[in-house]
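K.L.:
Below, each chain spelled out in residue letters.
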Amino acid sequence: MYHAPVTVDSRCAVAGRGPAKQMSLGPEASVTDDKSAPTADAADVRGPAEKVIAGRSLKQIAWRRLKKDKVAIGGGVVVILLVLVAILAPVLVALLGHPPDEYHQDQIDATFGTPKGSFGGISSDFILGVEPTSGRDVFSRIVYGAQTSLTVAFLSALVSTILGVIFGLSAGFLGGWVDAVISRVMDFLLAFPQLLFSIALVSVVPYEMLGLNARWSRVLVLVCVIGFFGWPYIGRIVRGQTLSLREREFVEAARSMGARSPRILVRELLPNLAAPILVYTTLIIPTNILTEAALSFLGVGIPPPNPSWGGMLSDAVATYSISPMYMIIPGATIFITVLAFNLFGDGLRDALDPKAR
Amino acid sequence: MSENLLEVTGLQKHFPITKGLFKRQVGAVRAVDGIDLTVQAGETLGLVGESGCGKSTAGRLFTRILEPTAGKIVFEGQDISHKSVTQMRPLRRDVQMIFQDPYSSLNPRHTIGTIISAPLQIQNIPTPQGLKTAVQELLELVGLSPEHYNRYPHEFSGGQRQRIGIARALALRPKLIIADEPVSALDVSIQAQVVNLLEDLQSEFDLTYVFIAHDLSVVRHISDRVAVMYLGKVMEIAHRDDLYKNPRHPYTVALMSAVPVPDPVRRDRAQRDRVLLTGDVPSPINPPSGCRFRTRCWKAQDICAVEEPPLVRRLDDPDGHLTACHFPVVEDEAVAGRKPATINV
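If you read the sequences in order, they're chains A and B.
If you read the first sequence in the working numbering, its first letter stands for residue 566, the second for the next number, and so on.
If you read the second sequence in the working numbering, its first letter stands for residue -8, the second for the next number, and so on.
The reader is advised that the hints may include incorrect statements.
[Said to hold, decoys possible] What follows is a set of in silico ranges between Cβ atoms, one per label pair, in the way DEER data are often shown: (1) A:Leu739 - B:Ala61: 19 to 27 Å; (2) B:Ala61 - A:Glu812: 18 to 26 Å; (3) B:Leu122 - A:Phe900: 51 to 59 Å; (4) B:Asp70 - A:Leu739: 22 to 30 Å; (5) B:Gln112 - A:Glu812: 44 to 52 Å; (6) A:Cys789 - B:Lys10: 38 to 46 Å; (7) A:Ser809 - B:Asp271: 26 to 34 Å; (8) B:Gln114 - A:Ala765: 49 to 57 Å; (9) B:Gln16 - A:Leu761: 20 to 28 Å; (10) A:Leu739 - B:Glu(-6): 38 to 46 Å.
To be clear, the hints were calculated from the coordinates, so they are not data collected in a lab.
None of these values were measured; they are calculated from a predicted model.
The beta carbon of each residue, even a glycine, is placed where N, CA and C say it ideally should be.
Sequences are here, hints too, so could you generate the full structure?
P.N.:
Here is the structure:
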């Protein structure tokens, strides 16, 4: 049965595979093309004299897929723009606005307390209008609010991710009672009334602490609370993925070479978890933005007079019937931000793991 | 072919079945339930048996990826049955494994260079010619282009991936390679290439193989000796030609008769001679008493349920042909399970 001549030629191993040039099809081409058309065959045909062939890592493949996804790229652009706005807040305000806490009574109709002019006082001087009664520049407050919102969202996502990865990996990899304990803690946290707890907690922590001013000490508290309640979402994903990866033969192969557990965790498992971790971190950020806005709306987030999107919405409740623009602008900002992050996160997931859809 | 590289006595691996909150053990899957084997330096020992008979578990015990429940594994005179991970580390250089599934045995996030150099790095093996050159030499050795160094596993076909797995196993220049169904996931044409590659490497590097497979023709091609497993036990072990010509254990007879015959002229006869076993493989959680095969054996008698037959020489077999059966099959014996000729259309 095995009288085939001894040969080390592997050419026939790839015969019949699709040619690599399929990949240059238009954006309507299936995103799985990149996967199903390995370029290994091309390498066999080429002579050894040709330049060193660099393989395309999954990262590069994902990037190619992501580039084709216009919606995700749109979301990504908005996200980058928002981050730039947050970082450049002082510059933007200096160029286009007025200090966020500066009152402009001259912009306010003294009788009704509403902004002068149509659409909430939008003018070339106040590009997003002014706040009713006080006359503060809405643009400046939105820009500084972006700073707070994004800081809280990113840092709490980071906290969630770090905790989630550590606990998820331990639970999945060690199994046994460690897994049992961590899984129960995750169930507990997921069932916990996060919002009520946050309200209770925030009202007892000091107004200023650790040498930070009121704004940043509250940001710190929010990061801790939101980050702590967010980790089970990542932890469950990481645990599940680890459970399935642990059984793969490459882990056994590493063991059979004498690799110790830390090496297996860091070198073998973590690179395979990078994609889901990245995706769920991106998707947890919009949730955090919403939570921060909700807490600020309820008065336990960023303390006034510091600007925050949720706080602005809360202020707008009193005046929305006479000055609706003051409610529409922060609302729309939150909407656009959350939508952009979600679209980008979804696109990222599709690009990194087309099978997960 | 005299020195015993690997000696296994009474090897057992039971996987506990737990229940309830406190993980109370309610039973055990007796995946490997007392096997005795020796592997001589330079030979290829084939390990065959149907799915779930404990072949792969046995292989993982030999490489000590798993720790045996009982029994002894002696490698080159050293008892390795209960060595810790750290104690095993230096020995890992001498025993390597080739895995069944070329798709899951290579980490998809690592380049081929990283995968093949991993054993060298883990074991701190100096590479005077440089790590990259060392890997490229290994790639050439298994018939892959050295330029593939920077590529990822998903860019290769199954056969090529299996070659990468072989290169990785060879990196440490081991003495013993446990090949766990290395070709069963491949196309038949590629199987031949990989099997031939394994044979070439064996003669080049004086390798000893334990070749685990369920494909009897592959085993016949590559092995010097063959052990037949059933439900965690070795039923018969013999030199290849001896076993294929003169199977003694009824299970071996049934297994051999199930090999498909490609020649239509001979197929008629083969079908007539096919031994059809009835029933399913009993559960390894609760294996039958006495002889494990008795529930499906046409020769079973009362003694089979009471007394477990030892793995010894039967009848006038040559040395090294051991059978665990009270009633070994003699040549040209009328086998009750065989289909009558008349049914054959």
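K.L.:
Regarding Gln114 (chain B) and Ala765 (chain A), is the given constraint of 49 to 57 Å on their beta-carbon distance met?
P.N.:
56 Å, holds
K.L.:
Within 51 to 59 Å or not, the Cβ separation of Leu122 (chain B) and Phe900 (chain A)?
P.N.:
53 Å, holds
K.L.:
Quick check: does the Cβ-Cβ distance between Leu739 (chain A) and Ala61 (chain B) fall within 19 to 27 Å?
P.N.:
Given a distance of about 25 Å, which is inside 19 to 27 Å, the answer is holds.
K.L.:
Look at the Cβ atoms of Leu739 (chain A) and Glu(-6) (chain B) and judge whether their distance stays inside 38 to 46 Å.
P.N.:
For Leu739 (chain A) and Glu(-6) (chain B) the Cβ distance comes to about 41 Å; the hint holds.
K.L.:
Given the hint of 44 to 52 Å, check if Gln112 (chain B) and Glu812 (chain A) actually sit that far apart at their C-beta atoms.
P.N.:
24 Å, violated
K.L.:
Has the hinted range 20 to 28 Å been met by the Cβ atoms of Gln16 (chain B) and Leu761 (chain A)?
P.N.:
Violated, since Gln16 (chain B) and Leu761 (chain A) (Cβ atoms, about 43 Å apart) do not stay within the stated range.
K.L.:
Given a hint of 22 to 30 Å, does the C-beta separation of Asp70 (chain B) and Leu739 (chain A) actually sit inside it?
P.N.:
28 Å, holds
K.L.:
Go ahead and decide if the range 38 to 46 Å is satisfied by the Cβ distance of Cys789 (chain A) to Lys10 (chain B).
P.N.:
Since the Cβ atoms of Cys789 (chain A) and Lys10 (chain B) sit about 40 Å apart, the hinted range of 38 to 46 Å holds.
K.L.:
Is it true that the C-beta distance of Ser809 (chain A) to Asp271 (chain B) lies inside 26 to 34 Å, as the hint says?
P.N.:
Since Ser809 (chain A) and Asp271 (chain B) have Cβ atoms about 29 Å apart, the given range 26 to 34 Å holds.
K.L.:
Quick check: does the Cβ-Cβ distance between Ala61 (chain B) and Glu812 (chain A) fall within 18 to 26 Å?
P.N.:
Cβ of Ala61 (chain B) to Cβ of Glu812 (chain A): about 25 Å, so the range 18 to 26 Å holds.
In summary, the structure is inconsistent with hints 5 and 9 from the numbered list given earlier, while agreeing with the others.
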